[in-house]
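Enquirer: Spelled out, the chains give:
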Amino acid sequence: MLKKLNAKPLFLATALLATGIGISGCSEKIAYGDATATETTTIGFGSTDLQSIATKMVDDVLASPFVAEVSKQGRPVAFVDKIKNKTTEHIDTESITDSIQTKLLQSGKFRFVDMTAVEQVKKQLNYQQEGGLVDPAKAVALGKQTGAQYMLYGNLSSIQKRNDDKKDVYYKFTMKVLNLETAELEWASEKEIRKTGEKTFLAL
Amino acid sequence: MNISANTTSTPSFTGAKIWLVSIFFIALTGCASTSVFTPYPSQVQSAKSALGNNAESESVLKNLESKKDTADAMLYMMESSRVAQLSEQFERSKNNANQVINAFEKQDLQATVRLSDVGAKSGSLLTNENAIPYSGAGYERIFIHHQQALNYWAQNDIEGASVEFRKVALEQRVLSERYEDEIAKAHSEAQQNNIDIASISQEFSGLDEIAGSVKSSFLSPYTYYTSAAFWEAIGEYNNALIDYKLALEIVPNSQSIQADIRRVSAQLGGSSSGETNSPKDNEGSIVILYEQGFIPERTEFALSIPNFYDGGIISVAFPFYANTESWSRPTLLSIRDDQFVDYGETFPLTDYGTLAVKNLKEQLPSLIVRQVLRGFAKHELQKQSADSGGALGLFVANIYSIISERADLRSWLTLPRSGQALRVNLPSGQRTLAFRTESKSVELDVDIRKGKTNFIRIVNVNNRLITQVLPL
Chain Z
1 MLKKLNAKPL FLATALLATG IGISGCSEKI AYGDATATET TTIGFGSTDL QSIATKMVDD
61 VLASPFVAEV SKQGRPVAFV DKIKNKTTEH IDTESITDSI QTKLLQSGKF RFVDMTAVEQ
121 VKKQLNYQQE GGLVDPAKAV ALGKQTGAQY MLYGNLSSIQ KRNDDKKDVY YKFTMKVLNL
181 ETAELEWASE KEIRKTGEKT FLAL
Chain F
205 MNISANTTST PSFTGAKIWL VSIFFIALTG CASTSVFTPY PSQVQSAKSA LGNNAESESV
265 LKNLESKKDT ADAMLYMMES SRVAQLSEQF ERSKNNANQV INAFEKQDLQ ATVRLSDVGA
325 KSGSLLTNEN AIPYSGAGYE RIFIHHQQAL NYWAQNDIEG ASVEFRKVAL EQRVLSERYE
385 DEIAKAHSEA QQNNIDIASI SQEFSGLDEI AGSVKSSFLS PYTYYTSAAF WEAIGEYNNA
445 LIDYKLALEI VPNSQSIQAD IRRVSAQLGG SSSGETNSPK DNEGSIVILY EQGFIPERTE
505 FALSIPNFYD GGIISVAFPF YANTESWSRP TLLSIRDDQF VDYGETFPLT DYGTLAVKNL
565 KEQLPSLIVR QVLRGFAKHE LQKQSADSGG ALGLFVANIY SIISERADLR SWLTLPRSGQ
625 ALRVNLPSGQ RTLAFRTESK SVELDVDIRK GKTNFIRIVN VNNRLITQVL PL
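Each protein sequence line maps, in turn, to chains Z and F.
Going by our numbering, the residue at position 21 of the first sequence is 21; the numbering climbs one at a time, nothing skipped.
Take the position in the second sequence, starting the count at 1, then add 204; the result is the number in our numbering.
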């Protein structure tokens with residue numbers, strides 16, 4: 001029976017079948033990786049960018065004359081304001097500031113007040129004072145919180161360019177420290193990142 | 205192949221059967237795309253009629269979302285994103301739009317030739333153009349970001365909306381860079397009788413009317429205007445000024461945008477003479493974003509040419525937009541308050557039909573090449589069917605050639621026909637506003653706040669006026 005078949009369509013059908021099997025034959029593969037390994041899955045903002053920004057900011061601030069000066073009088077209290085996202089990507093800037101804050105805390109040079117927790121803290125203190133359930137002697141006393149002396153803030157902006165076969169993205173992260181008492185800028189630093197992607201001619 | 209091996213019929217009939225089986229098989233491999241044998245516009249009809257009808261939209265959405273893993277996923281997700289948005293399901297709309305946006309971004313750096321595409325392309329040679337996965341058009345990419353910005357905005361996520369408005373600006377810039385040559389050509393052709401709007405007043409400096417007339421065929425001033433009004437309302441006057449100017453470049457006669465530019469220039473410290481359309485001390489502003497109708501559908505031009513040499517029939521089918529000259533002008537929306545004071549009509553900004561026609565024109569050359577290749581492939585198929593299957597084989601192959609030839613009618617069809625806008629100032633306080641078209645009107649209670657801007661989006665489809673208030 002097969003001999004009667006025209007060779008061409010049989011070949012075509014087999015080739016198509018083979019392609020079909022080839023495509024559906026993929027299976028999932030899951031593995032653990034190094035959290036600090038360079039990640040280049042896409043050109044968008046990724047973990048490597050986040051880590052390099054946080055490292056650079058922390059290194060810069062710790063090496064600055066400003067920190068050398070203030071740490072003579074103990075550990076200054078600071079708070080982190082929101083980092084403005086001015087890019088063309090939905091980036092969680094809070095996670096960048098979290099990394100920076102954690103590293104600065106660990107350095108032992110700074111103390112922080114966490115403005116994102118203010119609402120919950122208020123609620124808890126109100127409960128302790130007014131609920132009638134907490135022993136007044138053991139309740140946390142009011143009016144003893146420390147006010148921040150410095151504010152950390154900044155922004156992340158980007159310039160993106162693209163044509164038919166290339167994509168280029170440039171990120172600039174700027175961070176500043178403001179003295180809340182004098183309104184002076186005590187320190188500022190920036191980190192630039194450039195990434196490019198190019199089309200290949202042939203791929204699977 | 206086992207099926208034919210088990211039959212005991214005559215050799216010629218078996219040959220035809222084998223052909224049927226292999227045709228069926230080829231059709232199947234290509235049919236990752238569901239539009240191969242069902243024209244796309246008829247598939248999406250129910251989605252169009254569900255706009256503004258929340259009872260119907262759920263089943264339509266489920267149906268569209270069930271196709272999110274098919275070859276034409278981008279298309280179905282575009283439609284479902286708009287259906288979800290207009291039934292106020294912003295999170296759902298956002299997720300669906302994200303799939304489209306990711307697909308577009310993936311294409312940016314995709315290899316020029318991909319072996320996995322070759323299957324679909326060769327499948328399309330024996331079926332039709334619809335076997336090639338849908339990959340979206342430039343204007344659709346603009347609108348998906350525009351729509352995504354509105355999703356974030358409706359959820360009061362101003363930073364998210366800002367990101368999408370920046371993205372859409374990037375996409376419009378990428379498109380204008382792609383068409384730079386075309387703009388340059390228009391310049392050299394129009395050197396005489398060049399009216400330069402930039403010379404009228406210093407606020408309009410940097411505007412290029414000739415470039416604007418070319419740009420109107422692939423850029424969306426409605427999107428520029430929406431983002432400009434957004435930037436202005438959140439105090440980003442620099443961005444606002446740029447986007448108002450880009451909108452005016454394409455719609456140079458708009459008195460309203462000229463006033464917008466003067467107003468924002470004044471905010472940035474420039475001196476300004478002329479109408480600025482600014483609210484008085486006791487007034488607030490309303491910006492109306494109006495989307496009217498449906499974008500035109502492609503129609504098919506099919507032709508069967510008998511091949512007298514060997515009795516075969518060669519079919520060709522091309523998509524085109526019918527009667528573009530007699531397309532009706534977009535209808536406007538007027539606004540009146542509870543004191544019967546008229547505040548004028550919206551002004552047309554983007555004609556989505558023009559964008560769609562331009563996009564099809566761009567596709568035509570490669571479409572024609574593939575059509576010719578397909579003609580050869582199907583003719584070859586007829587010859588071989590006649591050789592191995594005799595008259596019956598040829599008959600089957602001819603029928604196949606005719607029914608399989610379908611023009612590519614795919615495009616995002618729940619898009620509006622026209623995008624329009626209007627900015628008015630009203631005395632502050634609670635007011636009932638009536639928005640009216642020729643055949644329909646809708647009333648809305650609006651709290652006008654002093655010095656603030658209210659954004660009202662109105663979508664006119666299926667003789668319904670859908671209203672959405674964008675919070676700020």
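The hints are simulated quantities; they were obtained by calculation from the structure and are not laboratory data.
Ideal Cβ placement from N, Cα and C applies to all residues, glycine included.
Some hints here could point you the wrong way.
[As the list claims (entries may be wrong)] What follows is a set of in silico ranges between Cβ atoms, one per label pair, in the way DEER data are often shown: (1) F:Thr480 <-> Z:Gly74: 34 to 40 Å; (2) Z:Met115 <-> F:Lys389: 43 to 49 Å; (3) F:Phe241 <-> Z:Thr42: 19 to 25 Å; (4) F:Ser538 <-> Z:Gly147: 52 to 58 Å; (5) F:Ser645 <-> Z:Lys122: 47 to 53 Å; (6) Z:Asn163 <-> F:Gly439: 30 to 36 Å; (7) Z:Tyr153 <-> F:Glu529: 55 to 61 Å.
Enquirer: Which of the stated hints cannot be reconciled with the structure, identified by number in ascending sequence?
Expert: The structure conflicts with hints 1, 2 and 3, although it agrees with all the remaining ones.
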